[in-house]
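Engineer: So the sequence lines, in the order shown, correspond to chains A and B.
Under the working numbering, think of the first position of the first sequence as 457, with each following residue one higher.
Under the working numbering, think of the first position of the second sequence as 13, with each following residue one higher.
These are calculated hints, taken from the structure and not from any lab test.
Any given hint might turn out to be false.
What the hints assert, rightly or not - Pairs of lysine-lysine, PhoX-like flavour, derived with a Cα cap of 25 Å:
| # | chain 1 | residue 1 | chain 2 | residue 2 |
| --- | --- | --- | --- | --- |
| 1 | B | K74 | A | K703 |
| 2 | B | K54 | A | K763 |
| 3 | B | K54 | B | K174 |
Stated by the list, open to error - Here are the simulated distance ranges between beta carbons:
| # | chain 1 | residue 1 | chain 2 | residue 2 | range |
| --- | --- | --- | --- | --- | --- |
| 4 | B | T47 | A | T638 | 26 to 34 Å |
| 5 | A | A606 | B | T47 | 41 to 49 Å |
| 6 | B | T47 | A | L593 | 48 to 56 Å |
Don't be surprised by glycine CBs; every beta carbon is placed ideally from N, CA and C.
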Amino acid sequence: MSDKVTLTPLNTEPEIPAVRGTRFHEQNISDPRTETVPNSALYDADPTGHTDHDSDPNLQKLRELLFLREMELLRKLEKRLNDPLQHAQETSEVIAEALLLRSQQKDNMLYTAFEPMSERLLNDAVRKNPMDFVNVLFPLMGPAIRRSIAETFHSMLEGFHKTMEQVFSWKGMRWRWQAMRTGISFSEVVLLHTLLYRVEQIFFIHAETGLVLSHVYNEGVVTQDAEMVSAMLTAIQDFARDCFTGKQESSLDSLQMGEFTIMVERGSSAYLACVVRGSVPLEFKEKLRDTMIALQLKFADALNSFKGDTEKFLPARWDLENLLDARYADEDAPLPFWVKLLPVVLVLLLALGGGYLWHNVQQQNIAREEAKKYMEASFSQVGNEPGILLVEARQDAPDHWEAIYLKDRFAEDPQSLLDAKGIDPETYTLQVIPHVSYEADMLTKRVKERISPPESVSMVFDKDGTLYLRGEAPMSWILQARQEALALPGVEKIDMSGLIDPRVDELKRMIALVETTVVEFPSGKDVPVSEDAAKLAKAINTLVDIEKLAGSMNVTVNLTIYGHADATGSSKFNYEISQARARTIAAMLYNRGSAIPIAIYGMGSEHASQEPSEYTGNQTSRKVELRVHLAQLPSDTVLNILH
Amino acid sequence: MISKKICMIGAFSVGKSALVARFVHSIFSDQYLSTVGVKISKKVIDLNGADLTMVLWDMEGKDDFADVHMSYLRGAMGFFTVADGTRRETLTMALRLRELALETAGDVPHIIIVNKADLDWEISDAQLADLEASGIRIIRTSAKTGLGVEEAFTTLAEAMMKN
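Please work from the sequences and hints to get the whole structure.
Structural biologist: The following block contains the structure:
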């Protein structure tokens, strides 16, 4: 404060001017210079601010005389303190210095006071304008995040690649078995088999103090405290040197422990210690040496003036990480070219074999399908043959069929029809059920069998079931065949109009010849005139022939002989002579040995024509007439046949 | 990050190892002491808000200092020489070792620790006061109670940081 108010202790309590308000009071308390002033001395007043002395005008006067200046000062002070604006202005002038002073004290009070506020401020600011913070942080965080992500991805991919390579190979499975058998973890087994070498850890160590300057290690390597390890390594080297050489310049180059080697590469004031698993290749040793030289040069000053500050050696990390090498064996031993090709060849062979098999299967399927179609078609075709009906054809096994046929007695054997089609009888079973077919072919065969027609007869069925017979056949057969054929199922009608019996014609011709023969007689005589003798003989012969022919045809022949007389003479005589004339002919026939039953009628002159001469009469009326009858055949049938 | 190599030397059976056992961290067993002759431990202390890593080389106690692996002292940035308050000769040994250490490590901060403060001592306060008067820092400790151990580390650390 620029204007300092000094209150000196007063022994005369009542003379102290009363000051209203509490600010002044507080201010006084915090001011060490007022410590000795008893509060009561300043505030011995009633709440209204009026003391008993106020009423005394003399005392008031004295007070003014004595403390006029101080009272003025007090009033100013009171005004200042009660004016917040002025108070703030004054505080603003000293607040920075005050904070600085307080921060130098080690009581953390400022920090405690500001911490929640600054936290809230930062939170609010970030919430309100996050982009501002992003913009500020991005250049710092971006590269770091990118690098971190890239490294994570890299190691992850490497690990993944390695694992995939091992897990899905035959070798991998073998190793898994080994891991299960021995109880070693699979990754350890893989490492044992594939690792040629791996740099597990690298220590960059200050030679004299044994303090670690930098330490890097490979992914997944279990490490111990680098500082202690570095110190111990240095101690061991010192120990070895002390015990075995005693020479300061000599050094331990490597330590071998089982599969681990600790390689030491010395610089003038620092050394690199690498923990390597597996056998170390020569080129790595060279790389190690080069790195050591480079580091020695790079950090020459820092190394020489080293007092324990390892921060300066942070950049060495990049050099060291380049040394974190690892090499894995792809194969146990280099394989000949053809062995490497073997899987390819095998795969090709498998593919070819598979393709061939597939093709064969396809072909077999096609062939099977075709065979199936052929079988179905064949069974069906046989079923369409006359008199055969296919009830069912089905495949009861991949290569076997069963067929059921209905077969007419006159139809061909389905088995032989199938044989003719070249179908192996082993591939099917047949069931044949007899039946009667109404098909024309079958009917024809059935009729033929029943009526046995002569070769000269042809038969035709029309669709209405009418049987047409054509050609020449004996009458007896014709008559019998008609009956028999009509008895057969399927034969509705028979048309025999096309059938001819040649003997019937002969018979008809001979009968006509006989019946047209007129044998005349001399008047009053029963012996024919000599001119007609030959005619008569011929007729007699013909009758004999007729008898024979009709006999062969199972037809009985009857003969009626009518005798006639002319109108001359008596009627009685005429009957007698006409009868005698008929008898003459009959006798002649008998004489020829004929057995034809003959009926003789003497017609007298009933049919005599008018004579030109009353006395001589008409010779043509003196005659005999022959009439032939075919008997023992139903006349209507015979007529029917004949016409 | 600051690291310091400090060594701890002393006569046989002055209680060096016991002294630090409760206060430091080590990955190595005590067998190292009798084989390699040194056991490495580590202690990180907070010095004015910054971490200081003290790599402690606890050297095997010998009654004959000719047997001491002095090469372990090379590069030490500070050291303790430990004496046993109940055995006067160990202080003598400590003083001689101190000189040897100074020869090897150079003029580095160091403290003479007189251990076993919880027992009756042969070494008198006057003796120690004389030494202190000659500029040697001395700290009385008890491995049993832990008395003075942290102080010893902090004092040496501060001295080393100033150095």
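Engineer: In this structure, is the beta-carbon distance linking T47 (chain B) and L593 (chain A) contained in 48 to 56 Å?
Structural biologist: With Cβ atoms ~53 Å apart, the hint holds.
Engineer: Between K74 (chain B) and K703 (chain A), is the straight-line Cα distance small enough, at 25 Å or below?
Structural biologist: Between K74 (chain B) and K703 (chain A) the Cα gap is close to 23 Å, so the pair holds against 25 Å.
Engineer: Are the Cα atoms of K54 (chain B) and K174 (chain B) separated by 25 Å or less?
Structural biologist: Holds, because 21 Å separates the two Cα atoms, which is no more than 25 Å.
Engineer: Verify the proposed pairing of K54 (chain B) with K763 (chain A), using a straight-line Cα cut of 25 Å.
Structural biologist: Holds, at about 17 Å.
Engineer: Can you tell me whether the CB distance of A606 (chain A) to T47 (chain B) sits inside 41 to 49 Å?
Structural biologist: 45 Å, holds
Engineer: Range first: 26 to 34 Å. Now tell me if the beta carbons of T47 (chain B) and T638 (chain A) are that far apart.
Structural biologist: This hint holds: roughly 32 Å between Cβ atoms.
Hint violations for this structure: none, all hints satisfied.
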